[in-house]
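Trainee: Use these hints to put chain D onto chain E, whose structure you have.
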Amino acid sequence: MARADLKKEKHEATEARISTLNMPQGGTWASMARNEALSRLRGMGLPARRDEYWKYTRPDTLIQQDAPAAALFDSLEPAVFDSVDRLKIVFVDGVFDAAASDDLSLSGVEIDRLETAAAADIHWAKDVYGRLEARGQTPVARPLAALNSAYATDGILIRVTGKAAKPISLIYTHKSEASDAILHHVIKLEKGAELTVLENGPAASRFNKVMEVEVADGAKFHHIRAQGRDHERRAATHLFTRLGSESLFKSFTLTVNGALTRNEAVIEFSGDNAVAHIAGAAMGDGAFHHDDTVFITHDAVNCESRQVYKKVLRNGAVGVFQGKILVKEGAQKTDGYQISQALLLDDDSQFLAKPELEIYADDVACSHGSTTGAIDQDALYYLRSRGVTKKEATDLLVLSFMAEAVEEIEDESLREEIVTRLTGWLERRSG
Amino acid sequence: MTTVKEEIREGVDRETVEAVREVGSTYKHGWNTDIEMEYAPKGVNPDIVRLISTKNEEPEWMTEWRLSAFQRWEQMEEPTWAMVSYPEIDFQDLYYYARPTSMIEKPKSLDEVDPKLLATYEKLGIPLKEQMILAGVEGAEDYQAEGRKVAVDAVFDSVSLGTTFQKELKKAGVIFCSISEAIRDHPELVKKYLGTVVPASDNFYATLNSAVFSDGSFVYVPPGVRCPMELSTYFRINAENTGQFERTLIIADKGSYVSYLEGCTAPKRDVAQLHAAVVEIIIEEDAEVKYSTVQNWYPGDEDGKGGIYNFVTKRADCRGDRAKVMWTQVETGSAITWKYPSCILRGDDSQGEFYSIAIANNMQQADTGTKMVHLGKNTKSRIVSKGISAGRAQNTYRGLVSMHPKAQNGRNYTQCDSLLIGDKCGAHTVPYIEVRNNTARVEHEATTSKVDDDQLFYCRSRGMDEEEAVALVVNGFCREVLQALPMEFAMEAQQLVAISLEGSVG
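Heads up: the protein sequence lines correspond to chains E and D, in order. Counting from 1, position 393 in the first sequence corresponds to residue 393 in my numbering; the numbering is continuous, with no gaps. Counting from 1, position 419 in the second sequence corresponds to residue 850 in my numbering; the numbering is continuous, with no gaps.
The following block holds chain E by itself, in its conformation from the complex (with noise of 0.2 Å):
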């Protein structure tokens, strides 16, 4: 009976956000992947309350008809990575802004819009778009990701044959108070070809973001997001990577308040000896839900992969953690690591963790922890014995909290930029 009724409902809630929706015009290849895409929805359905992935998040507004409307937010301080020798790329709620980005040419790599490469009737991106995403719709259903793919209006793809000079940067700015944005991105790194993304900025009132990247044999990826500041943003994001031989996959996340937020990571090990670090750090001030849901599988031996996520809450926010390493018959010598902490600073914030191991191989070293306290009153009076001011000394232990998850950006200066942002945070917030 109940399960009977959930499944209508979610019927009834996804054909009546489809109706909303145009599937955009292509050629070939688009057009079948979109139209798979549209019946691995509607097999799954959206997600409902009641579903167990979205237990401790609410997705009503994230599959509601209409965007629920964002104010805009002007940021007083200068954007991020604004200092780093990039190539831009700029998207306007949605909207790919020609004027605002560089040109798409860089040397090593191969850069298109989806909303062009998906006219022609043949290209590469059509081994990516839509399959890694569908490779990650089981065991668990990502019914917003397979939305995307069948709806998404642009995007970037992305084909790296050697070392990127620069790295790519993905701004998304957000200038209309109610504006819903659906954008996919591919990235094909062939063997040995090493690439940093970069993206940043609220992207719009409702963001739907797919990013699915292949990482070839010793292929190097480098990712780090910092998601805009806006108060009232809602964001779902998925990253589908799969990971070949040899290779390395690094990807970091700062999320500074916006109402809601989901990143969802789906990562798999297909060559050996790989590695994976998936890390994100989360501040949240008020009105913040923030879920972090990451599935590791691995499906090869001898891989590493690392999960760290740090958040520090106050003022009633949320901080969800969902992750998972899944770890095959055969997939031998694996090494798994996951660590999730929140800070609470005051007594309204929640943590809500689901840490989860699934593991079929005997000889692999996995492990997780997961904490939630308050700051640790005996470092406190430590610093303030030493005739540091109180709001200083908190400070000082939600950065070094932070530490482990920022640590995992590699390249110094982009780091830096992070620590600033952290430390942009921690000066607003008052007391």
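Quick caveat, the hints were computed from the structure, so don't treat them as lab data. Any given hint could be a false lead.
Result set (PhoX-like, lysine-lysine): computed pairs, CA atoms no more than 20 Å apart in a straight line [to be verified]:
no. : chain 1 : residue 1 : chain 2 : residue 2
1   : E       : K333      : D       : K855
2   : E       : K328      : D       : K473
3   : D       : K486      : D       : K539
4   : D       : K486      : D       : K473
5   : D       : K736      : D       : K459
6   : E       : K55       : D       : K602
7   : D       : K881      : E       : K333
8   : D       : K685      : D       : K623
9   : D       : K685      : D       : K808
10  : D       : K721      : D       : K811
11  : D       : K721      : D       : K580
12  : D       : K486      : D       : K554
13  : E       : K328      : D       : K855
14  : D       : K601      : D       : K685
15  : D       : K473      : D       : K539
Mentor: Quick look at chain D alone, frame taken from chain E:
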């Protein structure tokens, strides 16, 4: 070093083949008692519920309570979230009530019980005679010198055969009897507490149990009383195609203390059998309850044929301030285990502890853990879970730690370790952690590893064979939990750990 390891590997393979061949014979309690039984007709419906109620000579309110639970159950769906898979259970193809015909006229005392039944318990090592003062857990006889008394309530299929030491317990004011007796003799207590910890509509299996429970144990320890002996219930499923649905209700009134042990076995049969029990514990101010289980239901054969499906709801409610509960479980049996003994820490300064060893071998599947719900101030909880998987078994720890906004200064520490023996099994950890105030401190750690080669090598180099070495390493891995068990149980548990892993090495 490498050559030595290879030698072990080769040795193992040979031993494994032999051990696996023998494994069918390692479940020691797999025999059955040939005895004349009386059954209720197969299936479950309001008439069966009424019949069970009538057989137990229950008052009208109890029948009504059951019937409303049954109505509720008909609306419910079997849960599917646990990491276990089994063929669909046909709930209409089971006997919900089976009792030895010799129990139709309830014997006045244990002396009048059918000798065949008494012999059953004798054979299981549970003497139901008071002069034999120790619960007959194997190996414990040598320790009789300590003179510890254990009162036993023996439940055979759907009925309680009797309870030992009732008089002596009565002197102390403790009520220990079967729940059917309690419903007749102490209706005010049963009415007051039954279903207050696990509501009749709590979950699919608990609701079914509320409708059809046939017997079980009842304990009431009055204020200020330290129960003079350990209490225990021994559950035996004997009849074929029968579900056992027992209900246990334990009330520890203000400032009292009781330690309660539970054991269970069943004959080997090809067809899986259902066991859906409910245990409710109420702990008032300053009272303490220790509840220890050694669950050794028939696990099925090495191909997963037969075995008990164990779907159990156990919950303790620390209602008063400074109330304390400790669950200790050694789960070695059952084809399917679905069990989450929980603690509701309502009273300020109340404490809950959960110590668990879950071993799954061959085709066994265990999904077990605990819930610690912190509602009161300064509440503390501790979870130590050791899961061991071998053969083609799946073993899951599933738990919840919840700190409510009012649970100021709540503390939880959780340690979940999994050990894998062999590369065909699985070990999983699914913890839920919900922290809703910042004075609470919650720490969770989990690790998964395999039996340490160095430790094995060390044991082997001292002349132990592979299985002994594994048993020793595993016992070391479980030490923290074994130490939390009452002495007699700890010994049995230690042996069980070794037996359950027989044939798993390789």
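Trainee: Given the hint that K473 of chain D pairs with K539 of chain D, test it: the Cα-Cα distance must not exceed 20 Å.
Mentor: violated (29 Å)
Trainee: Quick one, are K685 of chain D and K623 of chain D close enough, alpha carbons at most 20 Å?
Mentor: holds (16 Å)
Trainee: For a C-alpha distance cap of 20 Å, please report whether K486 of chain D and K473 of chain D respect it.
Mentor: Between K486 of chain D and K473 of chain D the Cα gap is close to 16 Å, so the pair holds against 20 Å.
Trainee: For a C-alpha distance cap of 20 Å, please report whether K721 of chain D and K811 of chain D respect it.
Mentor: This hinted pair holds, its Cα atoms lying about 16 Å apart.
Trainee: Just to be careful, I want the Cα atoms of K55 of chain E and K602 of chain D compared with a cutoff of 20 Å; is the pair within it?
Mentor: violated (51 Å)
Trainee: For the pair supplied as a hint, K685 of chain D and K808 of chain D, confirm whether the alpha-carbon distance does not exceed 20 Å.
Mentor: holds (19 Å)
Trainee: Is K328 of chain E close enough to K855 of chain D, meaning Cα to Cα at most 20 Å?
Mentor: holds (10 Å)
Trainee: Given the hint that K486 of chain D pairs with K539 of chain D, does the C-alpha gap stay at or below 20 Å?
Mentor: holds (17 Å)
Trainee: Taking 20 Å as the top limit, are the C-alpha atoms of K486 of chain D and K554 of chain D close enough?
Mentor: violated (28 Å)
Trainee: Decide if the proposed pair is consistent with the structure: K601 of chain D and K685 of chain D, CA atoms, cutoff 20 Å inclusive.
Mentor: With a Cα-Cα distance of about 18 Å, the restraint between K601 of chain D and K685 of chain D holds, given a limit of 20 Å.
Trainee: Just to be careful, I want the Cα atoms of K721 of chain D and K580 of chain D compared with a cutoff of 20 Å; is the pair within it?
Mentor: Distance of about 16 Å is within 20 Å: holds.
Trainee: Are K328 of chain E and K473 of chain D close enough, with their CA atoms no more than 20 Å apart?
Mentor: Violated, at about 42 Å.
In summary, the structure is inconsistent with hints 2, 6, 12, 15 from the numbered list given earlier, while agreeing with the others.
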